[in-house]
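Protein chains in written order, with our numbering: chain H, 343 to 974; chain D, 2 to 345; chain F, 76 to 194.
Heads up, some of the hints might be wrong.
[Unchecked claim] The following residues of chain D were derived to be distant from chain F, with all beta-carbon distances above 12 Å:
{"no.": "1", "residue": "Pro-6"}
{"no.": "2", "residue": "Gln-47"}
{"no.": "3", "residue": "Cys-199"}
{"no.": "4", "residue": "Tyr-211"}
{"no.": "5", "residue": "Asn-229"}
{"no.": "6", "residue": "Lys-249"}
{"no.": "7", "residue": "Asp-252"}
{"no.": "8", "residue": "Tyr-302"}
[Claimed, not checked] The list that follows gives simulated cross-link-like pairs (lysine-lysine, DSS-like), each with its CA atoms no further than 27 Å apart:
{"no.": "9", "chain 1": "D", "residue 1": "Lys-150", "chain 2": "H", "residue 2": "Lys-764"}
{"no.": "10", "chain 1": "H", "residue 1": "Lys-939", "chain 2": "D", "residue 2": "Lys-280"}
{"no.": "11", "chain 1": "H", "residue 1": "Lys-937", "chain 2": "D", "residue 2": "Lys-288"}
{"no.": "12", "chain 1": "H", "residue 1": "Lys-937", "chain 2": "D", "residue 2": "Lys-150"}
{"no.": "13", "chain 1": "D", "residue 1": "Lys-150", "chain 2": "H", "residue 2": "Lys-749"}
[As the list claims (entries may be wrong)] Some chain F residues judged to face chain D by a derived CB distance under 10 Å, without partners named:
{"no.": "14", "residue": "Tyr-96"}
{"no.": "15", "residue": "Phe-118"}
{"no.": "16", "residue": "Gln-131"}
{"no.": "17", "residue": "Arg-139"}
Just so you know, these hints were derived from the structure itself, not from any lab.
Heads up, the beta-carbon is just placed ideally off N, CA and C, and yes, glycines get one too.
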Amino acid sequence: MNSEFFITPFNLGLYFILIYSVVRSTVWFRNLSRSDKLRLQRGFFGRPFMDSLREIFMESLLHRKIFRKNPVLGYMHMSLAFGWFLLIVFGTIEADFFGEKHLNPPSHAIFFRWFNPEHGAEGFARIYNVWMDLLLAFILSGLLLAVIKRFIPGMVGMKKRTRHTWTDRVALISLWLIFPSRLFAESFTCGAHGSGSFLTGNLGAALASFLPAAEIAPWFWWLYSLSLGIFFLLLPVSRYFHIPIELFLIFMRNSGINTGDRSSSYTEVQTHACSSCGVCISVCQMSYAAGINDIQSVYFIKGLRNDRDIAAITANCLMCGRCEEVCPVGIELGPMRLIERRQGEREDGTLRLAGKYSLMRKRSSIEKIPTQSYGYLVREEPQKADVLFFAGCMTHLTPSVIVAMKKIMESAGVKYRFMDEKGGVCCGRPLMLAGRDREARELINHNSDIIWKSGAQILVTSCPICYKVFRESYYLDATVMHHSEFINLLIEEGSLRLGYLHKKVVYHDPCELGRGSGIYDEPRAVISYVAELQQASQERNMSLCCGGSLGNLTLSSDKRALIAADAARTLTMSCPDELITACPLCKKTFVQSTKTKVSDIAELVAAALPRPAVKAVKKRATRAAVKATGNS
Amino acid sequence: MKGTPKHVIVAGGGVAGMEAAGSLAEMGYRVTLVEKGEDPGGHLLQWHALFPDRRPADEVRSYLRKRIVHHNISIITRTTVEKIKYHPGGTVSVNLSGGTDEKADAVIVATGFQLFDAHRKEEYGYGIYDNVITSADLEGMFNRGRVAKADNSVPARIGLIHCVGSRDEKVNNNHCSKVCCVTAVKQAIEIREMLPSCEIFCFYMDMRMYGPYYEELYRESQEIHNVNFIRGKVSEASVNINNRLVIKVEDTLAGRPLKMELDIMVLMVGMEMEEAGAKLAEASGFKRGINRFLETGDHHYGNNLSGVRGVFYAGTCTAPMNITDTISHARAAVAETVRYLDGR
Amino acid sequence: MSLNQANKFGFVINPSRLIDYDSSDRKVRDYVTLREPSFKLCFACGGCTAACTAGQHTSFNLRRMITYIRRGEIEPLRDEVTRCMLCGKCLLVCPRGVNTRNVVAVTAEAISKLDRNEL
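Excised from the complex, chain H in its bound form (with noise of 0.2 Å):
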């Protein structure tokens, strides 16, 4: 049976997965924003290009920050996926210099073996034989473990392991067949002719000697063509597409494309590129402390990518930002995530672009709700001011961060207008994670008029979500500051006369400042002058969400309380005299959920204050700080 006819399937497969991938990829482009397409342009002649080479040899092939966090699991990525991709290279080296004629089909070096059963029988084609066993030695230990994995997960690590849809099934079957039926199919044939390697040739050997070998090489050569044709068949259906649509991503990021407030190509690559991993649900605060095991990004993304109703999943969620972090694809999962809550602004109610490709339309027409109107706001004409204070809405609820705030800012001698002191206009921000940007808008019209009218070259603000948006949206020439910048800015230039309280105090970062913003150093340094800090066992990056969040509109009560208690307890495990967060929602979750005293940034501050509180006059250091921040 020397017929050649088994090669089929795996060709199909083969050329269908290039065809498909020029006319997606084309199509992707097509529907890039102008900028976005000028970025790609040039990304591919500069050293995004080269950039993205070195990240795909990193972190596709060799996998290396899933080493880091698991190196069981980074061991078995990088098996399977430099092991094959070392096979094909060699497995090309080997045909064309090896084989009959230069320029071989892909298909001469897939099934090299069967096109050459007597090679490898002496000199150097013969250890390069040893080479290409342990390749496949390699490959096939990986799989090893990826079966393990699959159902023993506690093994190599795993906590949680993500639900697969059939088509999943059927991939992972026939990428699990492909290495054994190779080993298989070489090693029949290799009997049958006493040619092959340590591996190849001794099983090969070892089977000829009871079987017919050369009756049966054939079909498990037809098994390995069949699952690689499979395979790449199902490869646009199945999560597998996450590893050529990886390779698009990562130069897509490096020519500097991000994921922006709208769906476009990106967004779409970005959702082909979840390799499903599920690393994202092991940090999900909503899973293991509150039990909700059915909106992590994951499945927020796999709904996306199969068109299904995903509204309930998009709306819950605490918008923490958590699993963005450990995304080893580097998904931007929270913008993502707003980008579908916004789609039900949108009046026509049009799918999203995978929705016009795909057969089935399994979601159902997006809710058109009545916009938000805020004519009523009448304009304001601020008093002139050099710093603004913008408590925030939240704020006017724990009243002891006002407080403090204005007894330091008293103390540094700093000339300010507080903003919203008889109860402002909201940020805007609450509306934008609820998907209304451009009711948001209004709102942020309002506010930034009052900023600039009022002249000031600092907004101050109490509350982490104000920040972000202030920081983001609004269009301002004050620079804004969190109160824990702006506090660290007047003990820096000196202004702020401060004791030390002998107090051990761990720090919480807010999300929305932490992640959100980026502002972990200032609090720490604020922190560290006045009090002892003590290190929490998830911080900065990687801090816990209070369950407070506006992010999420329909957690219930009982809910938040799960995730606030297990937060408080985490953050309370070295018994510290006090909690210290920077944001009054946390304040006010935290207060619930535990015993140790919650503080505001503030009110540490404003505790270390010397006792009669000393006027002294300091205009001109608050004039530098104006200068020193003002320009930028």
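Guided by the hints, dock chains D and F onto chain H, whose structure is given.
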């Protein structure tokens, strides 16, 4: 009763504990009353006058004091009961703070309640603004005979905020403390009597005038004392430039938000399970309800039963109650204890 | 005397004056209750309205809105529901743990469904 008198330990020397100890002693039992404070008397020690008839609290205090002057009663003060354990054979051992152990034939738990810590309701500004006080602080002012602002000036307007720490999921207290409504009405009248020109506003969610003559007191406060009632929960308090408190509330009957300046804001703090009592329950394995008070054997016909042999509950360690009910509950606990001791 | 008899004798009660609970349409209430069960918990203390950021500037009253929904009176809130800023301050005040922000969002959704006869 013949032979050596049986020994009962009463944990807690408040209203319930004193009444229980007195009743038992009267019936010939040997009683040890364990009180954590300097003197027995409990929360009643701080109170000036009592609802609904506004009689001096001293009258009830002296009744109770007399009650525990008995040769059968020994009193241990500045001590808490840390653990109670029933031993087969009928002895109940009690661990006291300070390391001593006592043996008894039965124990009555009367650890009482503690007032809600108003600091936990930060938006009301207790401990932040000078003129925010609690109902207990106001009783202190009554005792000193003068209601005044922190700067010693005479207040022109006082607001009494009901349900602080009660009926509030945000402080993990869903229960109603029962006595705050009528306390507010009583205190409102007392302020008016002391300061006839001072305006009084009660901010309530529901007026729960459940006891005899409570509703009449409510009526009197309107009819004779011109106390004002606004139905709405205060959301927050701040201080304006004139250093007056400003509260935000919805006048729910008018259907509009209302802003009001106050000279003094009185927080009608509710009742919570007492902390030492909670620790005792923890150590002794007593069941507690979702309101964190001690869970009784049956809400209707066994609300002195603890579920542990030889241990009975009296008073507000089981639920918020007024003095009348506390005394009745303590007597019922004595009845249950005697029935248990006699039946053994 | 029943309403019919009253009409016969020329005593007409202006229908807009009373909450006619028997003929009012409580679909919005049912929808909101289903989507946000904590809606049921409101005991009308008005804390939300007192704290409300939007309520300082305009007629927006969540407590009243909830009452109206419960009674099947939808017209008065049609306009009002769009004025909320979703700032979430009420969420921190509510003594019953009502998920107030979502009540507003779901109510808006319900009204638009009602208008499209999808409720």
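Cross-check of the supplied hints:
| no. | hint | verdict |
| --- | --- | --- |
| 1 | Pro-6 | holds, 50 Å |
| 2 | Gln-47 | holds, 27 Å |
| 3 | Cys-199 | holds, 24 Å |
| 4 | Tyr-211 | holds, 17 Å |
| 5 | Asn-229 | holds, 16 Å |
| 6 | Lys-249 | violated, 5 Å |
| 7 | Asp-252 | violated, 8 Å |
| 8 | Tyr-302 | holds, 30 Å |
| 9 | Lys-150/D with Lys-764/H | holds, 24 Å |
| 10 | Lys-939/H with Lys-280/D | holds, 20 Å |
| 11 | Lys-937/H with Lys-288/D | holds, 21 Å |
| 12 | Lys-937/H with Lys-150/D | violated, 31 Å |
| 13 | Lys-150/D with Lys-749/H | holds, 22 Å |
| 14 | Tyr-96 | violated, 19 Å |
| 15 | Phe-118 | holds, 7 Å |
| 16 | Gln-131 | holds, 7 Å |
| 17 | Arg-139 | holds, 5 Å |
Checked against the numbered hints given earlier, the structure breaks hints 6, 7, 12 and 14 and satisfies all the rest.
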